[in-house]
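Trainee: Okay, here's what each chain looks like letter by letter:
Protein chains: 4
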Amino acid sequence: MVENNKYWALILGGSSGLGLASAKKLAQDGFNICIVHRNSRAEMNEISAEFEKIKSSNISFLNLNLDALNVESKSKIISELKDKLENTKIKVLVHSIAKGNLKSMVSEDNSVLSSDDFLITFQAMAVSLYDWTQLLFENKLFAEDSRIIAFTSEGSTKPWKNYAAVSAAKAGLEAISRSIALEFAPFGIKCNCIQAGVTDTRSLQMIPGSEDLIKNSIERNPNKRLTMSEDVANVVSLLCKNEAKWMTGNVIPVDGGEHLQ
Amino acid sequence: MVENNKYWALILGGSSGLGLASAKKLAQDGFNICIVHRNSRAEMNEISAEFEKIKSSNISFLNLNLDALNVESKSKIISELKDKLENTKIKVLVHSIAKGNLKSMVSEDNSVLSSDDFLITFQAMAVSLYDWTQLLFENKLFAEDSRIIAFTSEGSTKPWKNYAAVSAAKAGLEAISRSIALEFAPFGIKCNCIQAGVTDTRSLQMIPGSEDLIKNSIERNPNKRLTMSEDVANVVSLLCKNEAKWMTGNVIPVDGGEHLQ
Amino acid sequence: MVENNKYWALILGGSSGLGLASAKKLAQDGFNICIVHRNSRAEMNEISAEFEKIKSSNISFLNLNLDALNVESKSKIISELKDKLENTKIKVLVHSIAKGNLKSMVSEDNSVLSSDDFLITFQAMAVSLYDWTQLLFENKLFAEDSRIIAFTSEGSTKPWKNYAAVSAAKAGLEAISRSIALEFAPFGIKCNCIQAGVTDTRSLQMIPGSEDLIKNSIERNPNKRLTMSEDVANVVSLLCKNEAKWMTGNVIPVDGGEHLQ
Amino acid sequence: MVENNKYWALILGGSSGLGLASAKKLAQDGFNICIVHRNSRAEMNEISAEFEKIKSSNISFLNLNLDALNVESKSKIISELKDKLENTKIKVLVHSIAKGNLKSMVSEDNSVLSSDDFLITFQAMAVSLYDWTQLLFENKLFAEDSRIIAFTSEGSTKPWKNYAAVSAAKAGLEAISRSIALEFAPFGIKCNCIQAGVTDTRSLQMIPGSEDLIKNSIERNPNKRLTMSEDVANVVSLLCKNEAKWMTGNVIPVDGGEHLQ
Chain S
1 MVENNKYWAL ILGGSSGLGL ASAKKLAQDG FNICIVHRNS RAEMNEISAE
51 FEKIKSSNIS FLNLNLDALN VESKSKIISE LKDKLENTKI KVLVHSIAKG
101 NLKSMVSEDN SVLSSDDFLI TFQAMAVSLY DWTQLLFENK LFAEDSRIIA
151 FTSEGSTKPW KNYAAVSAAK AGLEAISRSI ALEFAPFGIK CNCIQAGVTD
201 TRSLQMIPGS EDLIKNSIER NPNKRLTMSE DVANVVSLLC KNEAKWMTGN
251 VIPVDGGEHL Q
Chain Z
1001 MVENNKYWAL ILGGSSGLGL ASAKKLAQDG FNICIVHRNS RAEMNEISAE
1051 FEKIKSSNIS FLNLNLDALN VESKSKIISE LKDKLENTKI KVLVHSIAKG
1101 NLKSMVSEDN SVLSSDDFLI TFQAMAVSLY DWTQLLFENK LFAEDSRIIA
1151 FTSEGSTKPW KNYAAVSAAK AGLEAISRSI ALEFAPFGIK CNCIQAGVTD
1201 TRSLQMIPGS EDLIKNSIER NPNKRLTMSE DVANVVSLLC KNEAKWMTGN
1251 VIPVDGGEHL Q
Chain F
2001 MVENNKYWAL ILGGSSGLGL ASAKKLAQDG FNICIVHRNS RAEMNEISAE
2051 FEKIKSSNIS FLNLNLDALN VESKSKIISE LKDKLENTKI KVLVHSIAKG
2101 NLKSMVSEDN SVLSSDDFLI TFQAMAVSLY DWTQLLFENK LFAEDSRIIA
2151 FTSEGSTKPW KNYAAVSAAK AGLEAISRSI ALEFAPFGIK CNCIQAGVTD
2201 TRSLQMIPGS EDLIKNSIER NPNKRLTMSE DVANVVSLLC KNEAKWMTGN
2251 VIPVDGGEHL Q
Chain E
3001 MVENNKYWAL ILGGSSGLGL ASAKKLAQDG FNICIVHRNS RAEMNEISAE
3051 FEKIKSSNIS FLNLNLDALN VESKSKIISE LKDKLENTKI KVLVHSIAKG
3101 NLKSMVSEDN SVLSSDDFLI TFQAMAVSLY DWTQLLFENK LFAEDSRIIA
3151 FTSEGSTKPW KNYAAVSAAK AGLEAISRSI ALEFAPFGIK CNCIQAGVTD
3201 TRSLQMIPGS EDLIKNSIER NPNKRLTMSE DVANVVSLLC KNEAKWMTGN
3251 VIPVDGGEHL Q
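So the sequence lines, in the order shown, correspond to chains S, Z, F and E. Under this note's numbering, the first residue of the first sequence carries the number 1, and numbering increases by one thereafter. Under this note's numbering, the first residue of the second sequence carries the number 1001, and numbering increases by one thereafter. Under this note's numbering, the first residue of the third sequence carries the number 2001, and numbering increases by one thereafter. Under this note's numbering, the first residue of the fourth sequence carries the number 3001, and numbering increases by one thereafter.
The shape of chain S in the complex, shown without the other chains (with noise of 0.2 Å):
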């Protein structure tokens, strides 16, 4: 995958799950990648050893442990990837940002679910798409063919309990990935959300009450298992070949059928 060498692949949210799944496979097409990520010291010990096997692909490798949605952080981040890029572009822009209150609207003991949780969870998961689009739009960074990649999930059309605010802010990002696919047409960007079915990651398990839902999700998904991070960054990895030009503005289930029933 030597074309790809002069491209770089900027992922939000990269330092697991999805994002990282991604990044790993967009290394492995000779991608350069960039993660922008927020962990503490802790975390960084395992994470490390993560991003040691993204470099393995012999790929330039740049990551930033600072706040994708904090502006000073934004400005950064940019003069950051605006002093490693050189004359090289972003062709790939991969949204895994993924930071949802969940709270139910009705609720005898909790607190429910504020206006400002609506807010917060909108702003972080969905218009942060769009800033980081007109960010690099802005500042030339975008390769002639591009793609912008955003995560979504069933929850946008389906409403489950405690997850109002997610569920609107998944909607909401959904039309402005429309929105971006219109409207950055003629800068050759294309833009596209991956549905993905319930994933097997550690945020998944760390929810109170998720071995229902994982129950749930195997016996109802016609491939009898949930979906892996690896399945959906194979996807993104698709998403990002010059077979894949034109398609743009597209909702695209990743999960094995599980949508279907």
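Worth flagging that the hints you see were computed from the coordinates, not collected in a lab. It should be emphasised that the depicted structure is a prediction, and the values quoted were computed from it without experimental measurement. One or more hints might be untrue.
[Claimed, not checked] In silico contact screen, one side only, chain Z against chain F (beta carbon under 10 Å); selected entries:
hint, residue
1, PHE1061
2, ASP1231
3, LEU1238
4, LYS1241
5, ASN1250
6, ILE1252
7, GLY1257
[Said to hold, decoys possible] Beyond 10 Å from chain F on every Cβ pair, some chain Z residues (computed):
hint, residue
8, ASN1005
9, SER1048
10, GLU1052
11, LYS1089
12, SER1104
13, VAL1106
14, SER1107
15, ASP1109
16, ILE1120
17, GLN1123
18, ASN1139
19, GLY1155
20, ARG1178
21, MET1206
22, GLU1243
23, GLN1261
Ideal Cβ positions, reconstructed from N, Cα and C, are used throughout, including at glycine.
Since the structure of chain S is already known, use the hints to place chains Z, F and E on it.
Mentor: Just chains Z, F and E now, kept in the frame of chain S:
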């Protein structure tokens, strides 16, 4: 429609367009009407005449010229409602708050959409539906079988230039209405969105370049005219009937078939 | 509802389930009722009692025990209708023809779906909607403002084991109803599908293994019960009101929110 | 792509348009190619030249000028395939059978759609996908991990004048592909539909009045050109990669964003 006279319909944004038409129709159906609106003294002349028409239906009427999005105003509105309602309840909440920022994502000449444009639009057009539902719920103002109706448009799934912030907000609004339908079902609350066609209102006429949109919409509509506010108010009325009580969580086009093409 | 008494509702498949419930409700709304059904003498005892209830609404009533899918029977039905209607017209056509083949695509033990199973089901459940629309149209039996209503289910977009032929037919039915909405719009015809939830009917109870489906549907329904035929008939009634005349080409869930999860 | 050389791709309707382009691309990917087509001797001159290009990819090639919808021909095709494949398997089935009746539902001058038009179109464009899946399955010709790809269009959800029969068939095709995805999942079969944009093919140019459709499609496409067969073939290729194995039961637009507006 004597049976409705112990129930109120609360219309957020009821001094023009879909909100006003809904208020008129629901008054004819026998509901007492409370309209929350935000208008200057100059505008009130014309609006007062409309309010007089509503009162002529021989129902109780209350209009509150207050900002439905402001925390203090909201307290004031709730307090006024409690005074006025006495032992009666709110059976219908109509959300007709339109406050969106129309800007492009890309422009050489004009300012483009900011992160804040998205957030302000989302809060006004989407989150406020939840806020008001929560407010009436906490204050025990909902009737046992109540109906929440919000207005969306094809723009939630179809991007249009300059409409990205509204598109994301409408997509979020639909998601929130589904979550309300799910989580408030145990309390007898039904929540639906009406997807109105391009509607012949003053605000439409004031959009720069709306002539083309109007001409195009008439042509594409199988019934060869624009949607009128009364068409939509008619379906608001139907959704408040006893016969509609098994409908919830839906997005219902009311557009003479405009969405078909 | 005196204003309806010069109009007829023609119910195809009106001796049980959604069709019968619709006939009852529309009779209460003042429509004259013609039911086309196919029943044995043994079944007619019970059904006649139901028909008597309809007649008690003091409307004109006609039942024709003839096959709505057979060419000769169709001529006979049209001829009988012309005699009976005199100068009145058909304002409502309700399509409630259910005749599907339930087989798996893959089975070690039983016969699997054949090409013919798909065709027979498609003709009975989908194409017949067009055939009857065309038949009434050619014979100038439709009123100036008329409503066509057909019944679909989530199965049109969600595959279920054993339901592939019905799923394809329902998807086709929805497409046909959209084409009717578009092409017959100039003649005042509105056409909508109601997507009923899992409905508590005798035919449901007769499906092998339906206990699980029933239990599961109750659990998943935010309103914690099955859909009843009357819930659906209620919305048929609403769609025949003057207020619904701007709704066409839609698929409208009537399921207490069951489709949400 | 040496790893593909033990696998075959069977293309139904592979002598022109999307089918032929897919065959060419899959041959470049290293698949052996079998094309089933139906052409006159006069047409074969030009087509043979295309087939020679495919053979130049240095793969095994078989073309069968036989009717893929006829029972006897189908037996003959299966028999020829078995001879040719020996111990190799079919990994890819591409369904590109287009045979639809284009007529209006209402016309003063011309004949309108008949019941048979719907049935013939449904059988050719939709049920044949199931028939061929079943035929290859029963004859144990599918590889362990195989991909079925069918072509649909926006017409499945958007009615167009004269396209009612095709619209119903495409909606049925999508439903059948979902059922195949579900029921054949245990046997390693993945099934997806590609929703191609308005594609620049000879058959498009032959439709009366297609100039307007072409002009309109270019204008509405964010990428300002028609879809080309190669755009679609590119995504067929991606869906046959190992990386796509977790995608099934989807309808995937490949249209440069045309469906967005």
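Trainee: Indicate, hint by hint, whether the structure satisfies it.
Mentor: Each hint, compared with the structure:
1. PHE1061: Where the cut-off is 10 Å and the nearest Cβ of chain F is about 22 Å from PHE1061(Z), the hint is violated.
2. ASP1231: Given a least distance of 4 Å, the restraint on ASP1231(Z) holds.
3. LEU1238: Holds. Min distance 5 Å.
4. LYS1241: 6 Å, holds
5. ASN1250: 5 Å, holds
6. ILE1252: 6 Å, holds
7. GLY1257: 4 Å, holds
8. ASN1005: About 20 Å separates ASN1005(Z) from the closest Cβ of chain F, which puts it past 10 Å; holds.
9. SER1048: 27 Å, holds
10. GLU1052: 24 Å, holds
11. LYS1089: The claim holds: LYS1089(Z) sits with its nearest Cβ about 20 Å from chain F, beyond 10 Å.
12. SER1104: Given a closest Cβ separation of 31 Å, the condition holds.
13. VAL1106: 34 Å, holds
14. SER1107: 36 Å, holds
15. ASP1109: 39 Å, holds
16. ILE1120: Given a closest Cβ separation of 29 Å, the condition holds.
17. GLN1123: 24 Å, holds
18. ASN1139: For ASN1139(Z), whose nearest Cβ neighbour in chain F is about 23 Å away, the distance exceeds 10 Å, so it holds.
19. GLY1155: Per Cβ check, GLY1155(Z) is outside 10 Å of chain F; nearest 18 Å; holds.
20. ARG1178: Given that some Cβ of chain F is not farther than 10 Å from that of ARG1178(Z), nearest at about 6 Å, it is violated.
21. MET1206: 24 Å, holds
22. GLU1243: Violated: least Cβ distance 4 Å, not greater than 10 Å.
23. GLN1261: 7 Å, violated
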